[in-house]
Amino acid sequence: MNAAYLIVALPLAGAILLLFGGRRLVEPLSGWLATIMAIGSFVCTVIVWASLLGKSADHRLVDKHIFTWIPVGSLHVSAGLQLDPLSLLWCLFVTGVGSLITLYSIGYMHGDPSFSRFFFLLNAFVFSMIVLVLADNFLFSFFGWEGVGFCSYGLIGFWFERDTAAVAAKKAFVTNRVGDFGFMIALFLMFQHFGSVNYSVVLAPLARGTATLPGAFATGLALMLFLGAVGKSAQIPLYMWLPDAMEGPTPVSALIHAATMVTAGVYLVARAAPIIHFSSAAQWTIAIIGAATALLAATIACNQNDIKRVLAYSTVSQLGYMFLGEGSGDYGAGIFHTVMHAFFKALLFLSAGAVIHALHDEQDMKRMGNLRRYLPITFPAFMIGYWALAALPPFDGFWSKDAILAAAYHKNIGLWIVGVLTAFLTAYYMTRQVALVFFGQSRWFDHAKERGAAGDHHVYESGVPHEAPATMTVPLIILSVASMIGWLLDAPFGGLNFIDKWLAPVFPQAVAVPFSVHTGTKWLIGLIAVAFALAGFLSGVAAWRRAVDRPRLEPAVLARAWYIDDGVSAAVSGPLARMANAFSFVIDARLVDGLVRGLSGAVAASGRQLRRAQTGYVRNYALGIGVGAAIILFYVSLRAGS
Amino acid sequence: MKTTGIPILNIIVFLPLAGAILCMLLPSASWSPTVHTSSRGSTGGGWSGGGSSGSTSGLGPSSALGPAGLVALVVALAELGFVVFLLIDFPSSGHAAGFQFVSKHSWIGAFGIDWNLGVDGISLFLVAMTALLFPVAMFGPTLRGNSRAFMGWMLLLEAACMGTFLSLDLFVFFVMFEITLVPGYFLVAGWGGARRNYAAMKFFIYTFAGSAFLFVAIIALVFLAAPKNGGHETFDLITLARITSSLPHADQVLIFCGFAIAFAVKIPLVPFHSWLPDTYTEAPTAASMILAGILFKLGAYGLLRLGIYLVPRGAADMGPVLLTLAAVGIVYGSLITIMQRDLKRLVAYASIVDVAFIVLGFFAFSAQGVTGGVLEMVNHGLTTGAIFFLVGIIWERRGTLRFADLGGLQKSMPIMAAIFLAVVMSAVGLPGLNGFVGEFLVLAGTFVTHRWWAVVGTVAVITAAIYLLWAYQRVFQGPVTNPANETVRDITWREIGWVTPLLLGIVFLGVYPRPFLDRVTPSVTYLLDRVEQAAPNADVPKTKTVTYSLPANQDVRGRPGSAPGGSGGSGTTSAAATGTGGSK
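One line per chain: the protein sequences are U and Z, in this order. Letter 1 of the first sequence, counting from 1, is numbered 1 in the numbering used here, and no numbers are missing. Letter 235 of the second sequence, counting from 1, is numbered 235 in the numbering used here, and no numbers are missing.
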């Protein structure tokens with residue numbers, strides 16, 4: 001169990017070493033250091049997991065105190081780890097997928113002048129994410145939560161010379177901070193109501209069923225926590241930062257979108273399940289926001305041309321599914337989808353990275369095509385990820401999405417319809433992407449020549465795209481296998497539902513009321529979902545088998561993401577900026593400071609006027625004294641007379 | 001009460017004073033070479049002039065500072081040594097609520113004025129921060145001009161700051177508080193930027209006008225208290241505190257208002273802040289560091305020590321007003337900070353937001369809030385001190401701080417960028433760095449007693465990220481548009497050495513604030529007990545447990561129909577009712 005400390009300590013040590021010694025390490029060394037630390041952390045997680053597995057289901061909760069962090073009066077916050085099924089499940093795929101991405105980055109970041117800085121941030125990212133999931137109280141978890149935000153800021157803005165990257169990094173951080181506002185209010189509410197932010201005080205009695213929460217308080221608390229989750233997991237209305245986050249190097253996109261950062265919100269909602277249980281309004285909010293985000297992001301994904309932006313919007317959409325599952329009361333389904341998504345989305349992003357790498361930083365799908373002939377490992381890997389994401393059986397996505405759709409159906413038929421429509425769109429836009437990237441005519445050659453003529457130094461040396469080095473392909477192969485058979489972790493038959501069983505102690509019946517959907521209905525739901533996915537696949541093939549540009553299928557409103565982002569930026573840089581400017585340069589500089597200057601001016605002016613009285617002539621002073629004495633005498637006589 | 005063999009507090013006050021006098025007595029500039037060493041030395045080239053001096057790259061500061069600088073260095077480091085000794089010797093817990101190491105000597109006996117020093121958990125860390133920040137400010141930035149006078153003024157300022165923090169006598173406090181203005185004025189006027197005379201004069205007159213209120217309030221307090229002290233006037237803080245909390249209600253409110261106005265100007269609290277941007281922008285780097293890092297805190301400290309401690313009833317009554325001013329200050333300050341076009345001015349305005357947090361925490365009247373406020377005082381000293389230091393480095397290299405002229409500096413100064421980002425993140429409130437602990441304690445403590453003020457204050461979590469990260473972006477990121485930014489020399493080892501103590505403080509207080517909190521909390525609890533005794537109806541949380549009150553439209557039952565399964569069922573009503581029967 002003491003390996004638990006190492007889970008946290010290894011990436012932290014890696015980050016510290018790279019921060020102070022990174023510049024002295026030669027290039028691949030710092031990458032290997034980071035990879036070894038990440039893998040070591042994964043191994044420790046497996047060890048802890050195994051020892052937890054050895055205990056009976058009710059005793060799988062170990063608290064590891066590290067030190068007391070903030071003790072003030074009644075508030076007592078410690079830095080401690082809680083090892084339980086939920087945190088370890090997350091930790092397993094965070095460190096597992098995180099290690100693979102770190103390994104992959106050694107090849108991808110080859111030749112970058114800031115090689116060590118990248119791996120410092122990667123290790124710090126993994127460390128923060130581990131703290132986020134392993135913490136034994138909400139505040140220490142918030143420490144990791146913010147750490148993740150900071151590292152993503154550094155990673156998105158890694159190529160800081162690009163204005164777009166710098167802006168995207170800032171946007172991600174600030175948007176996350178809007179969510180953090182909610183998280184912090186939730187922390188205050190907890191402190192006020194429970195006098196503590198520890199899971200053992202806040203959550204445990206609720207989960208045991210020995211305590212209850214008043215409805216309105218539970219709603220407020222749950223919604224504030226969910227606001228935090230919305231920011232981190234890029235849901236409506238705070239989803240805009242995620243597509244822009246594609247400005248970072250591709251492994252970052254994989255890390256942020258697949259394994260770690262965006263799943264933090266899903267984790268938080270699952271962790272807070274005992275609170276959410278007492279608020280039906282919060283459950284509905286979570287489910288509806290999830291469904292709406294899933295659909296909205298899927299419509300936008302249909303019309304993106306950047307290979308990574310398609311995947312980014314699909315991540316937003318898939319996260320919506322996860323929240324839909326959680327809001328519908330089936331936390332197991334939401335988490336199952338999170339794990340599966342970690343596999344296939346990491347696979348898709350890393351494959352996309354290999355494509356971009358092969359084409360020397362070309363990201364526009366309209367300038368790709370026919371790449372299946374040149375990338376013998378990347379192509380099948382991408383196809384597996386595509387198949388899994390499109391939820392076509394029998395790969396990962398089908399099974400987890402099926403579980404979510406069953407839960408949504410149980411909750412409300414409208415939610416289910418949105419989910420099925422999204423499934424159709426998902427299959428469609430992924431088919432479009434695969435068709436544009438790997439099939440059809442090769443269009444990259446002309447553009448390469450164009451860019452070469454324009455003096456771009458990224459001309460293809462060999463003239464043809466080349467497959468990536470082994471550090472990049474090995475993770476692809478491992479993730480491909482995981483995307484194909486990962487669903488066996490929670491298959492809905494034959495007693496294979498390991499994840500459900502593993503998580504059972506975390507979601508006792510007092511928290512997540514079990515429901516069952518009739519087997520026949522389940523089959524029907526599954527079949528309908530497959531039918532819609534197939535329809536999406538077929539329409540994708542029909543539309544994009546030959547064509548590259550289809551203006552009628554690509555309206556600008558979708559390509560510009562419903563103009564939501566544009567609208568927000570226009571509002572921020574227009575009226576809001578004008579208002580802030582008015583505050584700074586009119587109200588503050590003229591009014592507030594003006595009053596002060598006016599006051600001092602008045603003092604000075606009255607001094608100038610009074611100076612005139614100081615004539616220096618005795619007769620004037622005598623006159624003044626005389627008049628004054630007369631007035632006083634007059635006043636005294638009046639008072640005396642009355 | 002703890003004492004030591006040596007009069008440590010007197011040493012802490014008089015050592016810098018003696019150093020200042022010694023500096024002044026040293027032979028003048030004829031053989032005291034100024035740091036301004038013309039333009040010799042390798043400068044890396046490329047930066048546009050704008051009044052940068054040649055660097056003393058790699059060499060210790062002593063090589064260029066002259067005898068006055070050497071004396072000042074020895075004195076400032078010795079001072080730091082004594083403060084470290086004090087820090088170690090200070091009892092860590094238990095009976096440590098009162099003043100320690102008290103040193104009391106009769107001074108002007110006829111008026112009950114004593115030379116009276118003492119330290120408690122609240123002032124301890126302010127003293128420590130002062131001792132730490134002064135050497136960094138004196139020797140970190142490259143100095144131009146007369147170093148002899150500069151060092152003298154700085155040491156005098158240090159003595160006065162220490163005296164303010166340590167005095168237990170209102171007269172001594174007032175004298176020390178006012179003395180700080182003199183070196184403050186001369187530092188800005190003598191070594192400042194283009195509009196330094198205007199800025200220095202504005203600073204002096206504005207805060208001096210505020211001090212008039214302080215003077216009246218002190219005198220009134222002393223004379224009102226005299227009858228209850230057997231007819232003898234006394235300026236002794238502890239004696240007064242025994243008496244004044246029972247003064248008539250209206251008197252307390254008026255006296256508190258006098259304190260509040262004086263300190264609100266010094267802090268400065270919106271709307272008394274307009275001297276600040278001018279002063280900070282025009283001040284030389286060292287003076288900006290000290291002004292922001294320490295002189296701010298004199299006002300905040302006074303509010304706590306004189307305002308809340310001496311007239312708790314008045315403080316409790318006027319608390320909501322100050323809370324509101326603080327909340328307004330946070331939002332208003334954030335708004336005007338965002339649009340600033342000059343890095344130094346932006347940092348100056350950001351300080352307004354930070355100090356508003358301090359006031360918010362104080363007047364929450366909860367242990368978390370006040371302790372958080374005290375921590376924020378120290379945090380702000382470390383963080384803003386470090387930021388002004390780094391900003392000064394950019395100014396030296398580039399001769400401009402306008403965002404329009406900067407950009408892309410991370411390319412040529414990567415280490416500088418990393419340090420700057422770390423400090424910025426401390427100001428943004430990233431957990432793991434000091435800013436977060438203070439901010440969280442202030443807001444949590446305020447939320448418990450004054451929920452909506454805390455909610456408004458929490459907005460700063462978002463706005464601070466906007467203005468600081470935008471500033472960082474415009475200075476360090478993006479393409480290099482101005483050729484002058486292409487080859488800027490990175491931060492030197494000497495400069496890293498001076499900023500490191502501040503960085504260590506930032507990290508230490510963020511990761512392991514417990515030694516700090518354990519020493520501050522007893523004093524804070526003691527203070528709050530006074531407030532509670534004096535004003536039992538004030539919003540001081542009496543029980544440490546549940547204070548949540550139900551909204552009027554509370555639906556206590558968890559709506560069995562809509563909640564899945566409704567397993568919260570029948571037990572809900574009673575449990576919820578008992579569980580939330582809070583104090584309100």
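By construction, these hints were calculated from the structure, which means they are not laboratory data. Yeah, the Cβ is synthetic: ideal placement off N, Cα and C, and Gly gets one too. Treat each hint with caution, since some may be false.
Below, a sample of chain U positions facing chain Z; criterion: calculated Cβ distance under 7 Å [stated by the list, open to error]:
| # | residue |
| --- | --- |
| 1 | 75 |
| 2 | 150 |
| 3 | 362 |
| 4 | 363 |
| 5 | 583 |
| 6 | 586 |
| 7 | 607 |
Chain Z stretches covered by chain U per the calculated footprint, using a threshold of three residues with CB under 8 Å from any CB of chain U [claimed, not checked]:
| # | segment |
| --- | --- |
| 8 | 125-133 |
| 9 | 294-308 |
| 10 | 437-443 |
DEER-style ranges, computed between Cβ atoms [claimed, not checked]:
| # | chain 1 | residue 1 | chain 2 | residue 2 | range |
| --- | --- | --- | --- | --- | --- |
| 11 | Z | 195 | U | 36 | 31 to 37 Å |
| 12 | U | 47 | Z | 74 | 29 to 35 Å |
| 13 | U | 36 | Z | 7 | 41 to 47 Å |
| 14 | Z | 87 | U | 574 | 51 to 57 Å |
| 15 | U | 560 | Z | 87 | 56 to 62 Å |
| 16 | Z | 87 | U | 164 | 46 to 52 Å |
| 17 | Z | 215 | U | 602 | 20 to 26 Å |
| 18 | Z | 321 | U | 567 | 37 to 43 Å |
| 19 | Z | 223 | U | 574 | 43 to 49 Å |
Hint check:
The beta carbon of residue 75 of chain U comes within 5 Å of a beta carbon in chain Z, closer than 7 Å, and the hint placing it at the interface holds. Annotation: interface hint on residue 150 of chain U holds; nearest CB of chain Z at approximately 6 Å, less than 7 Å. Hint status for residue 362 of chain U relative to chain Z: violated, with the closest Cβ pair at about 21 Å, above 7 Å. Interface restraint check: residue 363 of chain U against chain Z, minimum CB-CB distance 19 Å, threshold 7 Å, status violated.
Contact between residue 583 of chain U and chain Z, as hinted, is supported at the beta carbon level, the nearest pair being about 5 Å apart and thus within 7 Å. Hint status for residue 586 of chain U relative to chain Z: violated, with the closest Cβ pair at about 10 Å, above 7 Å. For residue 607 of chain U, the shortest C-beta to C-beta distance to chain Z is roughly 13 Å, which exceeds 7 Å, and the interface hint is violated. Given a C-beta distance limit of less than 8 Å, the hint that chain U covers the segment 125-133 of chain Z is violated, as 0 residues qualify and 3 are needed.
For a cut-off of 8 Å, the count of residues in the segment 294-308 of chain Z with a CB near a CB of chain U stands at 0, and the three-residue condition is violated. Given a C-beta distance limit of less than 8 Å, the hint that chain U covers the segment 437-443 of chain Z holds, as 4 residues qualify and 3 suffice. Range check, residue 195 of chain Z to residue 36 of chain U: about 57 Å between beta-carbon atoms, so the 31 to 37 Å window is missed. Evaluation of the 29 to 35 Å hint for residue 47 of chain U and residue 74 of chain Z yields a failure: the beta carbon distance comes to about 55 Å.
For the hinted restraint 41 to 47 Å between residue 36 of chain U and residue 7 of chain Z, the CB-CB distance of approximately 56 Å leaves it violated. A beta carbon spacing of about 52 Å between residue 87 of chain Z and residue 574 of chain U agrees with the range 51 to 57 Å that was offered as a hint. The hinted range of 56 to 62 Å is satisfied by residue 560 of chain U and residue 87 of chain Z, whose Cβ atoms lie roughly 59 Å apart. The supplied range of 46 to 52 Å is met by residue 87 of chain Z and residue 164 of chain U, whose beta-carbon atoms lie about 48 Å from each other.
Taking 20 to 26 Å as the suggested C-beta distance range, the pair residue 215 of chain Z and residue 602 of chain U conforms, at roughly 22 Å. Checked against the hint of 37 to 43 Å, the pair residue 321 of chain Z and residue 567 of chain U passes, with Cβ atoms roughly 40 Å apart. A C-beta distance of roughly 58 Å is found between residue 223 of chain Z and residue 574 of chain U, which places it outside the suggested range of 43 to 49 Å.
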